[in-house]
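Residues per chain are reported as follows:
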Amino acid sequence: MRGSTLFRTVRLGISSLLLHKLRSALTMLGVLFGVASVIAMLAVGEGASEEAQEQIRKLGSRNVILRSVKPPDSGNDTSEIRIAEYGLTREDHERIEGSFPGVQRAVPVLQAPVEVRSSDLVCLPRVMATLPDFREVTRRELYDGRFLTQIDEETRALVCVLGYEVARFLFPFQSALGQRVKLGEHYFDVVGVMYPRGPIGSIQADFNSETGGEVFVPLATGRAYFGERQIVIRGGTQDIQEVQLHEIVVEASRDDDVKFVADACREMLRRGHSQKDYEVIVPLELLMRAEETKKIFNRLLGSIAGISLLVGGIGIMNVMLATVTERTREIGVRRALGARKGHIVTQFLVETIVLSASGGLLGVVFGVLSPWLIDLFSENPTPAIVTPFAPVLAFSISVGIGVVFGLYPAWRAASMDPVDALRHE
Amino acid sequence: MTAHDLPRGTASSAQPVAELIDVQRVYRMGDVDVRALDGVSFTFRQGEYWAIMGSSGSGKSTLLNILGCIDRPSGGTYKVRGRDTNELDDDELSTFRGGQIGFVFQSYNLLPQLDVLENIMVPVMYQEDVPEGIEERARMLADRVGLGSRLDHRPLQLSGGQQQRVAIARSLINDPALILADEATGNLDSKTADEILNLFDELHAEGKTILLVTHEPDVGARAERVLRLRDGRVDTVTENR
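Chains as they are written, first to last, in the numbering used here: chain A, 45 to 469; chain B, 91 to 331.
None of these hints come from the bench; they were simulated from the model.
We put the beta carbon where it would ideally sit given N, CA and C, even for glycine.
Among the clues, some could well be false.
Here chain A is said to cover these stretches of chain B; the calculated rule only asks that three of the stretch's residues, wherever they fall, bring their Cβ under 8 angstroms from a Cβ of chain A [as the list claims (entries may be wrong)]: (1) 104-110; (2) 157-167; (3) 197-206; (4) 210-219.
Using the sequences plus the hints, can you model the full thing?
The following block contains the structure:
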C-alpha cells in the first residue's frame, strides 16, 4: 500500500508539473545546466591532470634527472673570449653508478649543438650522445629500425637514431632508415627512428625545425666527434662552454628508493660542486605535486559548478514558492478533503524532487556527453574524462537540492490555515 | 434555547449527527474581539435537509467552517457522530473531516490536474485505509450523478453543472456524516442550479444528511427546514411545506 501511495504521489506531482510545461521546463533547465557543468568541469579537471600526469610519467616515475645548468655570470665580463666550465662531470656519473645504493643504473647524456641536414633541409634538434640504456630508462619506443647498441658505443660508430619528427622533416616522402644525414661536419647513418611521444598528427603540425625534435648518437661517438667544448656565438662575443655531461638519468631500483636516491644525489652534488650548476628533477615529486594541484583544481572547478547548481536550486525554490501561492486554494481544498499537513508537505516536496531529479538526469546525459561536445566545438581540444563518480555525485546533489530548496515552500504550503486557503481567490 | 425545542416532526427521534453545544467563535481584530458565533447550540439529526441562511456578517460562514471541521470553536463543544472534535489534534481532525464531512463548494474546487474519476477519489487517498473496491464505488457515484461516460475528462473539459456533479460525487465517496454545501448553486444558471438541487433532493430521499448554506431564498426554500442566523446566534428555525 505504501509503495502504491508513493507511486500515486509521484504521478500526481508529474501531472501537476505538466499543467505548467514551460515553467517546469525552464526550472529543470537550471538544474540541468548545474549538473551538466559539475560533470563537465570535473571531466575537464580530470583530463587536464591526466595529461599533466602523463607527461610526468613519460619522464619516468622511477627516475631522478640531473641536469647541468649554466650558473649566473660571475661578473668578470671584461675578456672577449670566456670559457665557462660548469655542469655535471663524468666523475659525478661514475660515483652515482658505482657507489650509490638503490640505483639501478645511471645514463649520461652529452648534447651537441650541431645542425642536422639532409640535402637542403636543415633543422636544429637536441642531438644527444648517450648510451643504449637511455631508451629503456626514459621509456621511449622504437618506431622503426633499432636503437643504439653496445657495439656502436665500443666502435664509436657513426650511426644515429632520429626522433619521429626529425625523420619526417628530413625525409618527408621516404623512410629515413638507411639514409645519411650530416650532423655538424660529419655524416651519420640512420639506423632507427623513435616513436613520437604524443599523438602523431599533432606533433607533426607543431614541429619547429629550429628547436624541436631529438637525434641520438653513441656517447663515445659524440665525445670523439663533437667534444665537450661548445662554441656559441652570441651577439659578437664568443661564448665557449665546457660541459662534460648535460644530463644524467638515474633510475632507482624500486619506487620506494626514488626519494632516497634523489636526496643522495642532491647531497653528493652539493658537496662536489662549488656553485649551483646543476638541477635535480624528480618526476615522482612532480607527480605528487601534480596530484595536489589536481585536488585544488578540482575543488575550484567543483565549487564553481556547485554555485551554478545552487543557482538552479534557488530557481526551483522561487518557482515552488510561486506555485504554492498560486495553488493556495488547491491546498485549502485538499485540506478540506482530509489532507494532513504531512500530505501537503509530501506532495510539494515530491514535486520539487521530480523537477530537480529529472533536470539532474538530463544534466547527467549532457554532462556525460560533454567531452564529446567540447571536442566538437573547440579548436584546441582539451582532453576531458568523465569518471563514474562525477555523474553519481552531481545527480545526488541535484536531488539533495530538490529536497533542501523544496522543504521551505512545502512547509509554507502545509502551514496555511485551511479556512484562509479556501477563501483565497 | 427556544429554537432547540421547536417541534421537529418525525425526524426529531433520529440519531444526532452534528451537535453544537454553546459554540462560540471569537476573532481578534486589532484590539477588538469580534464574536462571529455567540453561543450557538443546535442539533442536526440523521437524514435531515437543512438550509442555513442569514445575511452577510450573521456568522453563516463561520458556522460552516466549524461544522466542516476546518475551524475550531473558541468555546463550547462540537460533536460529529458523538465524537467531540476538541479532542482531536490537527492531523486527527484532518483525517476525521475527510471521512465525516462531504464538502460541496460554490466554485466546485476540482483539481485541474486530475480526471473525473481521480477527483472523486481524492478524499479516499487521504484516509488511512483505502477500502477494497473504492474505484468501483467511484464509478458508481459518477454514474449516480450522471457522469459515468466522462470519467477520463479533466475538469476544464466539463461545464459548471457537470463539475458540480463531480464535486457532489466526491463529497459522497467516504459516505460522510454530513454533506456541507456552501452556496453550491451560486455559480450556476437557474436551470442547472435546479438540476443540482434536484440531485440534493434525491440524496435527501436516500437518507443523507445535508446542510445547505445559502443566501438565496429560492434555494433555501428547497430544503426541508431552514435555520436562520443573526449576529452570531440562532434567530429562527422554520419548517418548509
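We went through each hint and held it up to the structure:
no. : hint    : verdict
1   : 104-110 : violated (count 0)
2   : 157-167 : holds (count 3)
3   : 197-206 : holds (count 5)
4   : 210-219 : holds (count 5)
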